[in-house]
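Protein chains: 2
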Amino acid sequence: MQNFTFDNKTKIIFGKDKEQVVGEESVVYGKKLLLHYGGGSIKESGLYDTVLNSLKEQNIEVYELGGVKPNPRVSLVREGVTLCKENNIDFILAVGGGSVIDSAKAIAAGAKYDGDVWDFFTGKGAVTECLPIGVVLTIPAAGSESSAGTVITNEDGDYKRATGSLLMRPQFAILNPVLTYTLPSYQTACGVTDMMAHILERYFTNEKNVELTDRLCEATLKTIINNAHTVIEEPTNYDARAEIMWAGTIAHNDLLDTGRIGDWASHDIEHEISGIYDIAHGAGLAIIFPAWMKYVYKHDINRFVQFANRVWDVEIDLNNPEKTALAGIKKLEQFFSSIGMPVSLKEVDINDEHFTEMAKKATERWPLGNFVKLHADDVEKIYQLAR
Amino acid sequence: MQNFTFDNKTKIIFGKDKEQVVGEESVVYGKKLLLHYGGGSIKESGLYDTVLNSLKEQNIEVYELGGVKPNPRVSLVREGVTLCKENNIDFILAVGGGSVIDSAKAIAAGAKYDGDVWDFFTGKGAVTECLPIGVVLTIPAAGSESSAGTVITNEDGDYKRATGSLLMRPQFAILNPVLTYTLPSYQTACGVTDMMAHILERYFTNEKNVELTDRLCEATLKTIINNAHTVIEEPTNYDARAEIMWAGTIAHNDLLDTGRIGDWASHDIEHEISGIYDIAHGAGLAIIFPAWMKYVYKHDINRFVQFANRVWDVEIDLNNPEKTALAGIKKLEQFFSSIGMPVSLKEVDINDEHFTEMAKKATERWPLGNFVKLHADDVEKIYQLAR
Numbered sequence: 026m027q028n029f030t031f032d033n034k035t036k037i038i039f040g041k042d043k044e045q046v047v048g049e050e051s052v053v054y055g056k057k058l059l060l061h062y063g064g065g066s067i068k069e070s071g072l073y074d075t076v077l078n079s080l081k082e083q084n085i086e087v088y089e090l091g092g093v094k095p096n097p098r099v100s101l102v103r104e105g106v107t108l109c110k111e112n113n114i115d116f117i118l119a120v121g122g123g124s125v126i127d128s129a130k131a132i133a134a135g136a137k138y139d140g141d142v143w144d145f146f147t148g149k150g151a152v153t154e155c156l157p158i159g160v161v162l163t164i165p166a167a168g169s170e171s172s173a174g175t176v177i178t179n180e181d182g183d184y185k186r187a188t189g190s191l192l193m194r195p196q197f198a199i200l201n202p203v204l205t206y207t208l209p210s211y212q213t214a215c216g217v218t219d220m221m222a223h224i225l226e227r228y229f230t231n232e233k234n235v236e237l238t239d240r241l242c243e244a245t246l247k248t249i250i251n252n253a254h255t256v257i258e259e260p261t262n263y264d265a266r267a268e269i270m271w272a273g274t275i276a277h278n279d280l281l282d283t284g285r286i287g288d289w290a291s292h293d294i295e296h297e298i299s300g301i302y303d304i305a306h307g308a309g310l311a312i313i314f315p316a317w318m319k320y321v322y323k324h325d326i327n328r329f330v331q332f333a334n335r336v337w338d339v340e341i342d343l344n345n346p347e348k349t350a351l352a353g354i355k356k357l358e359q360f361f362s363s364i365g366m367p368v369s370l371k372e373v374d375i376n377d378e379h380f381t382e383m384a385k386k387a388t389e390r391w392p393l394g395n396f397v398k399l400h401a402d403d404v405e406k407i408y409q410l411a412r
Numbered sequence: 026m027q028n029f030t031f032d033n034k035t036k037i038i039f040g041k042d043k044e045q046v047v048g049e050e051s052v053v054y055g056k057k058l059l060l061h062y063g064g065g066s067i068k069e070s071g072l073y074d075t076v077l078n079s080l081k082e083q084n085i086e087v088y089e090l091g092g093v094k095p096n097p098r099v100s101l102v103r104e105g106v107t108l109c110k111e112n113n114i115d116f117i118l119a120v121g122g123g124s125v126i127d128s129a130k131a132i133a134a135g136a137k138y139d140g141d142v143w144d145f146f147t148g149k150g151a152v153t154e155c156l157p158i159g160v161v162l163t164i165p166a167a168g169s170e171s172s173a174g175t176v177i178t179n180e181d182g183d184y185k186r187a188t189g190s191l192l193m194r195p196q197f198a199i200l201n202p203v204l205t206y207t208l209p210s211y212q213t214a215c216g217v218t219d220m221m222a223h224i225l226e227r228y229f230t231n232e233k234n235v236e237l238t239d240r241l242c243e244a245t246l247k248t249i250i251n252n253a254h255t256v257i258e259e260p261t262n263y264d265a266r267a268e269i270m271w272a273g274t275i276a277h278n279d280l281l282d283t284g285r286i287g288d289w290a291s292h293d294i295e296h297e298i299s300g301i302y303d304i305a306h307g308a309g310l311a312i313i314f315p316a317w318m319k320y321v322y323k324h325d326i327n328r329f330v331q332f333a334n335r336v337w338d339v340e341i342d343l344n345n346p347e348k349t350a351l352a353g354i355k356k357l358e359q360f361f362s363s364i365g366m367p368v369s370l371k372e373v374d375i376n377d378e379h380f381t382e383m384a385k386k387a388t389e390r391w392p393l394g395n396f397v398k399l400h401a402d403d404v405e406k407i408y409q410l411a412r
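Heads up: the protein sequence lines correspond to chains A and B, in order. Offset between the first sequence (1-based) and our numbering: plus 25. Offset between the second sequence (1-based) and our numbering: plus 25.
Rather than coming from a laboratory, the hints here were simulated on the basis of the structure. Just to be clear, a hint being listed does not mean it is correct.
No copy is singled out in the list; a pair is fine if it fits within one copy or between any two copies.
Stated by the list, open to error - Result set (EDC-like, lysine to aspartate or glutamate): computed pairs, CA atoms no more than 16 Å apart in a straight line:
1) K57 <-> D144
2) K233 <-> D325
3) K356 <-> D338
4) K233 <-> D264
5) K81 <-> D144
6) K34 <-> D264
7) K94 <-> D303
8) K233 <-> E104
9) K247 <-> E69
10) K36 <-> D282
11) K247 <-> E372
12) K398 <-> E259
13) K247 <-> D303
14) K406 <-> D325
Work out the full structure: start from the sequences and follow the hints.
Below, the structure written as structure tokens:
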């Protein structure tokens, strides 16, 4: 087990009607608030009004910036930064899913920075100060509600890049499973895939003595797998929605990282796809993860055997562990298919046109991954395997 | 799943040599520090010097209060409160195990309270302010290093009582598994039992839809069970010590509480024993928990079947689930025995002399437990089952 620091201060407020306390939770951080959100869905659902009323009850002055899109753009972030600087905003409230929260995090850091906010994503600048952030979560998927990271797309060159700082962790996150009832099944499935991918990135590590985190990963994966079909077939099943929502946070709050170094190649490989093609991040992961597994499993067959056995209940074939390992990968692929995810690039009409370019771009700063280090030619082979 | 708030701000600093950063972690909270500890073991091991040097490097003025005993006494807490008030202490550093940390928490709250500190334990006073606390942990067991609770014994009447407040959660906890190498095997086993009991108290709940927390509980229990014999047989096995140490924190940091109401009767039933007889808390729990289980399992046989199957790999006998449930309880009892714990009061020379009195005292404020509500006569029967 490696040395680690686990430092997650996000207060999780979970359950029915909890969005009604957003005002009292926010006012602790100041009286001038930027309300950040995506499209019209929060207005249609009534959530927008509930939030606004709760904020007004606390006499909070509310500035607004809507319009966050999936794969949030740096242009809108820059707009938010300007808004915050010009109006001396104290606090940013993100109401939405991972894209809105990621956008809010970038704005929060940019608001306290003299240079261009994109600097954080190129390594040119570091986050040393940040406005506090709160979250009302509507899409369980990205885990951004209590993570320290953000992923932003720069339209100028279609770069999708991640950065992180403990300062970016939200102060609180309100998770009401009822708010996820209206998510279309495809988006629900993308969320399920995304949270599973967050765990898998951590699970495939070269660290040998991480039994507790291995088992916590397996526990969370099993819970997601057991509830995924229910939330898709019965969108208003509170208990299943609650399991998925809480699992999505646990998957990415860094608990499952403790004592180990995760891989993260699949996320980077996928980012190139959704950076160019604008497909859902979850769908891209459902395509890339099994392909990545097929490419790397021989590096540590035992770990893939453990995955097959403990997560998918595949019996271990002691005479042929490779068969067990491959059966686990197959189970994952079949599961993604069963919840309506694509598992090949063909299914989403992506051909090999940009493979070389994407592989090059993904690895231009450093080789990807930690479980196995991947260079451009490896990444291109994974795109091929994903066809 | 019930609504919940999960709010744990304790920063965990885990790994080899991490006690060396205690000065820089502490100085954030002020320059006048109370160093609180137990007996001479931290001086013999050199930990005392390491901590003191690290504090002095930050020019922290150190006041000292040693002498904390297992089942920490309110008399020493009162001494600490006076010390803090007279010297305007900013921060309390607990170096030791659960007793030292619990004592530090009571002092921290008492230092900001006008009345007598025992008021917090009788319900007469509430914690509304508290000095910040830091921890260097030497005994993985109580989980007090990131919990919000404390248990103190009042010698005047042999009362052992618990209280809690989010304000009491330590700001940071330093966990170096190497510091636990010198723990005698009996104490190690007591710690293992204590942390398992913390999970079991949460596991046996009437809440039906808590799959994620159930599985996280099972993951942590399995890890403890798998590593317990190793830490006893090979006290300097870093990896096993690390698993046990991290599991002890997870067991009691409230993550495994989310969405459910735990039971906690067994802790209260045990407190009466260790309040009178001064036996180790862990040993008392190894005796009481199986007895409690035998008394209540019929209330929800399926939950005990799940426990037997998922934690102990007992095959489910569908024609006789009761048999499976009892097999799980038996496995737990055998496990406690196998690590050198007593599983009956006889083994620790406790006869039935005080059963009626202890049962009455345990239930004098309210009936115990949530899974099943227990009154004095129930508790007395559990003491009888534990003979």
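Intra- versus inter-copy proximity for E259 and K398 (alpha-carbon distance at most 16 Å):
For K398 and E259, the Cα distance exceeds 16 Å both inside one copy (41 Å) and across copies (35 Å).
Is it within, between, both or neither when you check K57 against D144 at 16 Å Cα-Cα?
This pair counts as neither: shortest intra-copy Cα distance 26 Å, inter-copy 40 Å.
Status of D303 relative to K247 across identical chains (alpha carbons, at most 16 Å):
Cα proximity of K247 and D303: none, with 29 Å in one copy and 42 Å across.
Could you figure out if K247 and E372 sit no more than 16 Å apart (CA to CA) within one copy, between two copies, both or neither?
neither (27 Å within a copy, 41 Å between copies)
I want to check one pair: K247 and E69. Are their C-alpha atoms no more than 16 Å apart within a copy, between two copies, both, or neither?
neither (34 Å within a copy, 46 Å between copies)
First find the shortest C-alpha distance between K356 and D338 inside one copy, then the shortest across copies, and answer within, between, both or neither for a cut-off of 16 Å.
within (10 Å within a copy, 23 Å between copies)
Within a copy, between copies, both or neither: where do K233 and D264 come within 16 Å Cα-Cα?
Only across copies: K233 and D264 sit 9 Å apart there, 35 Å inside one copy, limit 16 Å.
Reference check for the pair K233 and E104, CA-CA at most 16 Å: within, between, both, or neither?
Classified as neither: same-chain Cα gap 46 Å, cross-chain 47 Å, threshold 16 Å.
From the Cα coordinates, with 16 Å as the cut-off, is the pair K94 and D303 best called within, between, both, or neither?
within (10 Å within a copy, 63 Å between copies)
Within, between, both or neither: how does the pair K233, D325 come out at a Cα-Cα threshold of 16 Å?
The answer is within: 11 Å in one copy meets 16 Å, while 38 Å across copies does not.
Given identical chains, is K36 near D282, meaning Cα to Cα at most 16 Å, within a copy, between copies, both, or neither?
Intra 19 Å, inter 15 Å, cutoff 16 Å: inter-copy only.
Within a copy, between copies, both or neither: where do K34 and D264 come within 16 Å Cα-Cα?
neither (26 Å within a copy, 27 Å between copies)
Against the hints set out earlier in the document, violations occur for numbers 1, 5, 6, 8, 9, 11, 12, 13 and 14.
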